[in-house]
Each structure stands twice: as structure tokens, then as C-alpha cells.
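Start from the sequences, fold in the hints, and give me the full structure.
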Amino acid sequence: MELLYFGDKGWGDELFFATLMTIAVSITAMIIGFIFAALFTPLKLSNNKFLNSIGNAYTTVIRGVPELLVIYLFFFGGSGAIMFVASIFGYNDYIEINAFLTGSFSIGIISGAYSTEVFRGALQSIDKGQFEAAKVLGFNKYIYFVKIILPQMLRLAIPNLSNVWQITLKDTSLISVTGLVEIMRQSYIAAGSTRDPLFFYSFAAVLYLILTFLSMQLLNKLETKYSKGY
Amino acid sequence: MDIELMINSFPKLLNATLITLKLLSVSLILGLFIGLGFAILRMNNNKLINKFAYGYSYIFRGTPLLVQIFIIYFGLGQIEYLRTTILWVVLKEPYWCAIIAFSLNTGAYTSEILRSAFQTIKPGYLEAGRSLGIPSKIIFTKIQIPIAIKQSLPAYGNEIILMLKGTSLASTVTLMDLTGVAKYIISTTFKPVEVFIVAGGIYLFMTFIIHNVIKFLEKKYGFQT
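Each protein sequence line maps, in turn, to chains X and L. Following this note's numbering, the numbering of the first sequence begins with 58 at its first residue and continues without gaps. Following this note's numbering, the numbering of the second sequence begins with 10 at its first residue and continues without gaps.
Just so you know, the hints here were simulated from the structure itself, not pulled from any lab data.
Derived BS3-like pairs: lysine-lysine, alpha-carbon spacing no greater than 27 angstroms straight-line:
| no. | chain 1 | residue 1 | chain 2 | residue 2 |
| --- | --- | --- | --- | --- |
| 1 | L | K159 | L | K229 |
| 2 | X | K106 | L | K224 |
| 3 | L | K31 | L | K21 |
| 4 | L | K60 | X | K278 |
| 5 | L | K159 | L | K31 |
| 6 | X | K282 | X | K204 |
Structure, rendered in C-alpha cells:
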């Protein structure tokens with residue numbers, strides 16, 4: 058247990074901050090994923106064949122290719138791409154992107170593909186009459202979406218979104234390969250310097266279990282709140 | 010776009026695909042047995058056995074696969090006692106460590122898929138079997154298992170694809186699978202996009218095949234309940 062002391066002696070405080078980092082990356086990735094889902098869900102539902110195939114390509118490619126490969130693409134390719142864009146504007150120095158941003162962005166793209174599928178499914182299972190009724194009553198587009206479609210979509214989407222959250226939370230362990238100090242990376246460092254990998258990796262497993270357990274409790278509450286009858 | 014690199018790296022990546030496929034098939038077969046075993050335990054009436062099986066699937070589904078591989082590959086080697094037993098022959102090889110981790114992981118998911126498949130079997134089928142005087146063992150092997158397989162095919166297809174993506178983690182324990190080789194080529198050439206297109210294409214092709222095989226099986230064995 059000495060290994061978990063806070064302060065210089067143990068790894069308690071390091072692991073605590075690493076856990077916060079994991080939570081921060083997961084939430085950021087989830088939000089980035091929602092932005093992607095907001096962009097691609099309309100494409101997937103579009104009647105235009107070209108737009109439709111763009112939406113399908115996104116979800117198919119991201120869900121069919123290993124997460125690790127996507128992370129390597131952004132880790133090795135991210136700063137190159139940004140430097141290329143910057144060079145167009147006449148900035149030629151080396152730009153290094155923050156590991157947190159690369160990590161959240163790559164996990165966000167992955168989580169976005171799953172969220173897109175969830176939102177598409179939820180939108181498609183809303184009764185058609187609801188759309189028609191809203192149109193007939195002459196609501197403007199904003200109220201139509203925010204007050205009528207969104208609440209119905211959310212109650213259908215929340216149970217599946219909590220699965221997406223679990224996947225995203227577990228996927229953040231993969232960005233330890235880019236050097237961002239989250240739970241996995243911190244355990245790797247601690248295991249290396251104390252030569253006690255069994256303890257630290259098991260402890261990392263416990264931390265992830267606590268995170269998944271707590272977030273499940275929270276999401277279940279949200280689910281009951283939103284699944285109340287009309 | 011460096012087309013030449015893409016063409017040159019294709020045979021190397023294809024070669025590495027063999028390791029990916031080997032990892033996938035061996036862990037799926039082992040995982041199926043583990044999953045079936047735990048699904049049966051989950052349906053046991055004994056609370057302790059039930060809890061044990063639930064705990065197993067909860068732990069393996071609640072933690073990242075990467076942690077599981079690291080515990081098995083880096084962690085277990087630390088136990089001095091294990092080094093003296095015959096298990097060490099297996100545990101010192103990263104290949105077998107990866108397979109153990111993958112099998113246990115997919116076993117946990119498979120046990121959940123099979124359990125829900127078993128539980129959705131209509132009681133009428135079992136009653137019909139019993140009233141015909143069929144022994145319960147034969148009811149299990151000839152009625153419950155075939156129905157459960159049909160019920161669980163779509164979910165199991167997803168699990169195979171998840172596992173295919175999971176095998177990419179073998180590259181973190183020094184194995185040169187498709188992702189491992191792709192990463193090696195990327196880090197030596199600094200051409201991530203080209204390599205991603207080729208390696209990603211191979212993965213997508215495999216997902217496509219698995220998806221269609223499962224669809225075909227679903228159609229072939231599909232039946233109205």
C-alpha cells in the first residue's frame with residue numbers, strides 16, 4: 058500500500074491526477090464526438106446520394122478500422138497536416154500539437170461514429186406524425202427541432218449513448234501510446250520505476266472499473282429521468 | 010500521395026495480416042468455449058456460482074483490453090512462483106499472452122451474448138422436449154444450443170468485428186501484427202496517410218467479409234420463432 062501514498066513517496070497523487078486526465082479526455086472526446094455526430098447524422102439521413110455516401114463512409118471506415126490505427130494516423134499525421142495548412146498561410150516553423158488535443162480528437166472521431174449511428178437510429182424511430190404535426194402547426198425551424206424533435210430523440214438515444222460513453226472511456230487507454238499521462242501511461246511509468254507492474258496495472262484496472270461503475274450509476278439516473286412518460 | 014510506398018508496403022502489411030488472422034481465429038475459438046462455459050454458469054441457480062460468472066464478465070467488460078494485456082504480459086511475469094511452473098512456457102511468449110487476454114475478453118462478451126440468447130428461448134420449446142421424454146442433456150445440446158446460436162448470430166458478428174479491431178493491441182506487446190507493421194512503416198517513413206489507407210483498407214476488407222459471412226449465415230439458419 059506504500060506505493061499509493063500521496064506525495065514523493067508513493068504514486069497516489071500521480072494516479073489521482075492521471076484519473077482526472079482520463080475523465081477530462083473522455084468528456085472532451087465525447088463532446089467532439091457529438092459535434093461530429095451533429096455534422097454526419099443529417100448526411101446519413103439525407104436523400105442526396107452523394108451526401109449520404111459521405112456519411113456512410115465516415116461511420117463504416119471508423120467503425121471498421123482499429124482504434125489504435127486511427128490514433129497513429131493523428132499522432133504521426135496531425136502535426137504534419139496542421140503544418141501543411143499553416144505553410145499555406147506562410148508560417149513555416151515546426152508546430153507541435155498538444156497530446157491532449159490529438160488524443161481527444163482521435164478518440165472523438167471514433168466516438169462520433171458511434172454517436173452518429175445512435176442519433177440516426179433515434180431520429181428514425183420517432184413517429185413520422187410528430188414531424189408532420191410540427192410542420193402543420195407552423196412552428197419555426199428552431200422550436201420545431203429543439204422543443205419537439207430533440208426531447209424525443211434524447212430519450213431514445215440516452216441508453217445507447219451510455220454505451221458509447223463506456224466505449225469512449227475505455228478507448229482513452231489507447232492514447233497512452235502517444236505519451237499523454239492518463240491512467241494507463243501513469244501506471245506504465247510507475248510500473249517501470251518500481252518494477253511492480255502487476256500491482257500498478259491491476260490498480261489501473263480497478264480505477265477503470267470504478268469509473269465505469271460510477272458513470273453507469275449516473276447514466277442510469279439520467280435514463281430514468283428522461284424515460285418518464287409524456 | 011506516395012503511391013510507390015503504398016505499393017511497396019502492401020505485401021509487408023498483407024504478410025502481417027496473417028498474424029492478425031491467426032490471433033483472431035485462435036482467440037475466437039477459445040473465447041467461444043470460455044463464453045459458453047460462463048453462460049452456463051450464469052444460468053446456474055446457485056447464487057455464488059452465478060455471482061462469480063457475473064463478476065468475471067463485469068470485470069472484463071468494464072476494463073480496457075489494453076489493461077488486461079498488460080496485466081497478463083507484464084504483470085504475471087512478476088510472480089516468482091509462476092516462473093517455476095509449466096505455465097511459464099506459455100506466459101513468456103507475447104503471442105500467447107495476447108491470445109490469453111483476447112480469449113478472456115471475448116469470452117466475457119460472448120458469455121453475455123449467449124446468456125441472453127439462452128434466456129430468450131421460449132419455454133414452450135423446452136416443455137415440448139420434456140413432454141416428449143427427451144433427456145435434459147439432449148434437450149440442451151439438440152434444442153437449446155442450436156436455437157441459442159441462431160439467436161446470437163447478429164450480436165456475435167459484431168463481437169467478431171470488435172475482436173478483429175482488438176487484435177491491433179497485440180502490437181503493444183511487441184507482436185508485429187497488421188497494426189504493428191503499419192506503425193513501424195509509419196514511424197520509419199513518416200507517411201501516416203498512405204500507410205493508413207493501405208492498412209485500413211485491409212482491415213475494412215476483413216470487416217466486410219466477416220459482415221457478409223454472418224449475414225449469409227443469418228439467412229441460412231434464420232427461422233421464424
